[in-house]
Amino acid sequence: MKNNKLEWIKLIIAIVVVISIRFLYEMNVVSNIVALVITSSVFIVFYYQWILKLIKWIQKVIKKKIS
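The numbering of the sequence shown is this note's numbering, which starts it at 1 and goes up by one.
Check the hints yourself; a few may be wrong.
As the list claims (entries may be wrong) - Each computed SDA-like pair below joins lysine to any residue, with the alpha-carbon atoms no more than 25 Å apart:
#, residue 1, residue 2
1, K63, L52
2, K53, S40
3, K56, T39
4, K10, V37
5, K60, W50
6, K56, N4
7, K5, V18
8, K10, L36
9, K60, F43
10, K10, L54
11, K10, I38
12, K53, K63
13, K56, I12
14, K56, S40
15, K10, I55
16, K10, W50
17, K60, Y48
18, K10, V45
19, K5, Q59
These are computed hints drawn from the structure, not numbers from a lab.
Kindly produce the complete structure, drawing on both the sequences and the hints.
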């Protein structure tokens, strides 16, 4: 299961990098946004479990406030 997730993550990184490189070649103006996308995608990959926990916690807080 964990190995499968890792393969998906690698695939997503590859897609993001390819799209980012295409962006860089087509428009130099967007290079800052591209850098941001690459940085954030790397961050998400390394901290995705922590981010998932954070999202679940936020959902709990929202549910408590609604009820």
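Problem set entry | 25 Å Cα cutoff - pair K10, I38 | Holds, at about 13 Å.
Problem set entry | Restraint check for K60 with Y48, where alpha carbons must lie at most 25 Å apart | It holds: about 18 Å lies between the C-alpha atoms, which stays within 25 Å.
Exercise. Holds or violated: are the alpha carbons of K60 and W50 at most 25 Å from each other?
Worked result: With Cα atoms ~15 Å apart, K60 and W50 stay inside 25 Å; holds.
For this session: For the pair we were handed, K10 and V45, check the Cα-Cα distance against 25 Å.
Result: Roughly 9 Å between the alpha carbons, so the hint for K10 and V45 holds.
Exercise. Does K5 pair with V18 here, judged by a C-alpha cut-off of 25 Å?
Worked result: Satisfied, since the Cα-Cα distance of roughly 20 Å is no more than 25 Å.
For this session: Below or equal to 25 Å on CA atoms is what counts here, so check K56 against T39.
Result: Given pair K56, T39 holds - Cα atoms ~23 Å apart, limit 25 Å.
Problem set entry | Hinted pair K10 and I55, Cα distance within 25 Å | holds (22 Å)
Exercise. Is it true that the CA of K63 sits at most 25 Å from the CA of L52?
Worked result: holds (17 Å)
Problem set entry | Pair hint K56 and I12, alpha-carbon separation not exceeding 25 Å | holds (22 Å)
Problem set entry | K10 paired with L54 [C-alpha distance capped at 25 Å] | holds (23 Å)
Exercise. Is K56 within 25 Å of S40, Cα to Cα?
Worked result: Roughly 20 Å between the alpha carbons, so the hint for K56 and S40 holds.
For this session: Measure nothing beyond the straight line between the CA atoms of K53 and K63; if it is 25 Å or shorter, mark the hint as holding.
Result: holds (15 Å)
In summary, this structure violates none of the numbered hints.
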